[in-house]
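K.L.:
Position chain B against the provided structure of chain A, taking the given hints into account.
Going down the list, the sequences are from chains A and B. Residues in the first sequence are numbered from 1 upward in steps of one, following the UniProt record's numbering. Residues in the second sequence are numbered from 1 upward in steps of one, following the UniProt record's numbering.
No lab work stands behind these hints: they were computed from the structure. Please note: incorrect hints may appear among the correct ones.
Said to hold, decoys possible - Taking lysine-lysine pairs in the DSS-like style, the calculated list, with each CA pair at most 30 Å apart, reads:
(1) K303/B to K173/B
(2) K336/B to K275/B
(3) K291/A to K303/A
(4) K303/B to K303/A
(5) K336/A to K275/A
(6) K275/B to K291/B
(7) K275/A to K291/A
(8) K303/B to K291/A
(9) K291/B to K173/A
(10) K173/A to K275/A
(11) K303/B to K291/B
(12) K291/B to K303/A
(13) K173/B to K291/A
To be verified - Just the calculated beta-carbon pair ranges, DEER-fashion:
(14) G195/A to Q34/B: 42 to 52 Å
(15) L306/B to P32/A: 47 to 57 Å
(16) K173/B to G195/A: 19 to 29 Å
(17) G191/A to E66/B: 40 to 50 Å
(18) R213/A to P141/B: 48 to 58 Å
(19) L306/B to D134/A: 19 to 29 Å
(20) K303/A to I60/B: 42 to 52 Å
(21) G337/B to K303/A: 51 to 61 Å
Please read all numbers here as calculations on a predicted model, not as lab measurements. Even for Gly, the Cβ is constructed at its ideal location relative to N, Cα and C.
Protein chains: 2
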Amino acid sequence: MHILITGGCGFLGARLARTLLAQGSLALAGAPAQPLARVVLADRVAPPADLQADARVQSIQGDLGEQLAGGALPLAEVQAVFHLAAAVSGECEADFDLGMRSNLDATRQLLEGCRRAGHAPVFVFSSSVAVFGDSPEQRLPAVIEDTSLPTPQNSYGIQKFIGEQLVADYTRKGFVQGRNVRLMTVSVRPGRPNGAASSFLSGMLREPLAGERARCPVAPETAVALSSPGNTVRGILRAATASSAEWGARTAVNLPALTTTVGEMAQALERVAGKEATALIDWEPDAQVAKIITGWPSRFAPKRALALGLAADESFEAILRDYVRENPQAVRLAVKG
Amino acid sequence: MHILITGGCGFLGARLARTLLAQGSLALAGAPAQPLARVVLADRVAPPADLQADARVQSIQGDLGEQLAGGALPLAEVQAVFHLAAAVSGECEADFDLGMRSNLDATRQLLEGCRRAGHAPVFVFSSSVAVFGDSPEQRLPAVIEDTSLPTPQNSYGIQKFIGEQLVADYTRKGFVQGRNVRLMTVSVRPGRPNGAASSFLSGMLREPLAGERARCPVAPETAVALSSPGNTVRGILRAATASSAEWGARTAVNLPALTTTVGEMAQALERVAGKEATALIDWEPDAQVAKIITGWPSRFAPKRALALGLAADESFEAILRDYVRENPQAVRLAVKG
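Extracted from the complex, chain A is given alone in its bound form:
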């Protein structure tokens, strides 16, 4: 089996690739498991060394739109496409045309390429919780269901929601076997701050664990909906393995999220790494960031995801202990328990 991951060298794409390579096979859309012969990583950047070293990995580096226009991706040979590549929300707000090109045009080109390939590959589209946004004219419901109306409040969310519609119709037409999944805010992301409004939701844990100061720009009682990297990849993979009947409607599935508060996250950090860790958090409210964060939904009733056997992370402390275990090189404080 050949698999394509766009954005395959990013944090989630690389983790998905590692998970697939480790399990060595994939049971696609309810079919029996097939051994993985090749994982194609399409990305602007080169793969991490461990992926580069795996003989089953093929890296195709470049701009996705150009790759698709030039026929550089082996779409006729892949049984599954995981479309994770995207310009992030901040970029899309700063450069409208970039977002339209990277998120809308490239998604449509990729779907067109699959349509021309003619064998209806499984197509997992990573949409986002950013399709939901609160506004004074249209309040979000208190609890988001799979059937709640998305009302995106930024271009990134609009482009993701349009992508869902394209995937749905290309699926209905039999051009692909589409699976729209909405990813929640991922925490704890390893690495460095990325400039997103949500960046602090990883940074306020990651930096103190590394012995560095971190800023928390919202009040402790701020509610957020999070998913660990591992649980997020689990949701993406389940979208690929579910049969059409298990998957159900062509509308998007909200992946499960742990609802917690920023204060509870800090308490979990204290349980894991002591007061020494939480003393490194600077609680400096930023009204603009707070407005963005509180405009996101924090409570979900993800019925379809639960029916697929998915679940939210059990606690933020569990998420944090996973991070510590998976990123020993990034943790400088002594860990308890």
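P.N.:
Relative to the frame of chain A, chain B by itself:
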């Protein structure tokens, strides 16, 4: 004031143009009324004679996508755009690429043209009840609200729903002052059958009134949601006159619809033109048409439209009497009352 109507020579576009020209002015987006200097009709076909004869009418004939690519439309000079041009649902199902080009690409090009013009014109986008569709995997709610999740079951509906998203984001960015309105099934349409699944909802009245036989492919108890041509144009115009505050959210407004049944429509025909008329209806069920028609929603709670002062037609008999009054040349049977 200069106004552009795409699809301006079609049935609804021409009626909108006549209404605007008759009132002679327009109070745009809550501003004081301004006299109408020019109404530009962009369409593949030439305008009806009465519109062609009006000195304020300018007709620009051709393919909308080509007109936009070639800069043939005076976007810099228009204060309002009514975007009615579209490939219809049957065409979009038969020719996927045609639908994507006519409904998605042309809408985006038109929005881009307005953005480049730089003065944020009012942009009324005629979306459609076709964004709603019932499927075994995702049932429609019994009553459709403005916040009900669209689940389009055909490419036309998907393309219209994507258009709504584009209009919403171009509005949020300040490129246009967008107004997404969802048109209901229009009945009684004058003219000839048009091959749409809904065509009989006009034909079963129009043809008998002209003394011709007509087929009704669904059972009398089939519920439908309809709007007269006059009421539909009233809704489109109200979208243009509403201030941003009156309009509210950037999501679409469902225009009011009269919920009736096909049997009640036949009874109204009998009250208007006697048993002689209803004897001309052939009740010949067609399972395929019935499946499409019963997949459409028939009950709406159009809160936003009602708050804007719009209302459904009062009865199907009133719709029918309007048709008879407006189309005397098409009525051959004697009319009662």
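K.L.:
Would you mind marking each hint as holding or not holding in the structure?
P.N.:
Hints versus structure:
{"no.": "1", "hint": "K303/B to K173/B", "result": "holds (26 Å)"}
{"no.": "2", "hint": "K336/B to K275/B", "result": "holds (11 Å)"}
{"no.": "3", "hint": "K291/A to K303/A", "result": "holds (28 Å)"}
{"no.": "4", "hint": "K303/B to K303/A", "result": "holds (28 Å)"}
{"no.": "5", "hint": "K336/A to K275/A", "result": "holds (11 Å)"}
{"no.": "6", "hint": "K275/B to K291/B", "result": "holds (29 Å)"}
{"no.": "7", "hint": "K275/A to K291/A", "result": "holds (29 Å)"}
{"no.": "8", "hint": "K303/B to K291/A", "result": "holds (28 Å)"}
{"no.": "9", "hint": "K291/B to K173/A", "result": "holds (18 Å)"}
{"no.": "10", "hint": "K173/A to K275/A", "result": "violated (57 Å)"}
{"no.": "11", "hint": "K303/B to K291/B", "result": "holds (28 Å)"}
{"no.": "12", "hint": "K291/B to K303/A", "result": "holds (28 Å)"}
{"no.": "13", "hint": "K173/B to K291/A", "result": "holds (18 Å)"}
{"no.": "14", "hint": "G195/A to Q34/B: 42 to 52 Å", "result": "holds (45 Å)"}
{"no.": "15", "hint": "L306/B to P32/A: 47 to 57 Å", "result": "holds (55 Å)"}
{"no.": "16", "hint": "K173/B to G195/A: 19 to 29 Å", "result": "holds (20 Å)"}
{"no.": "17", "hint": "G191/A to E66/B: 40 to 50 Å", "result": "holds (48 Å)"}
{"no.": "18", "hint": "R213/A to P141/B: 48 to 58 Å", "result": "holds (50 Å)"}
{"no.": "19", "hint": "L306/B to D134/A: 19 to 29 Å", "result": "holds (24 Å)"}
{"no.": "20", "hint": "K303/A to I60/B: 42 to 52 Å", "result": "holds (50 Å)"}
{"no.": "21", "hint": "G337/B to K303/A: 51 to 61 Å", "result": "holds (53 Å)"}
In summary, the one numbered hint that this structure violates is 10.
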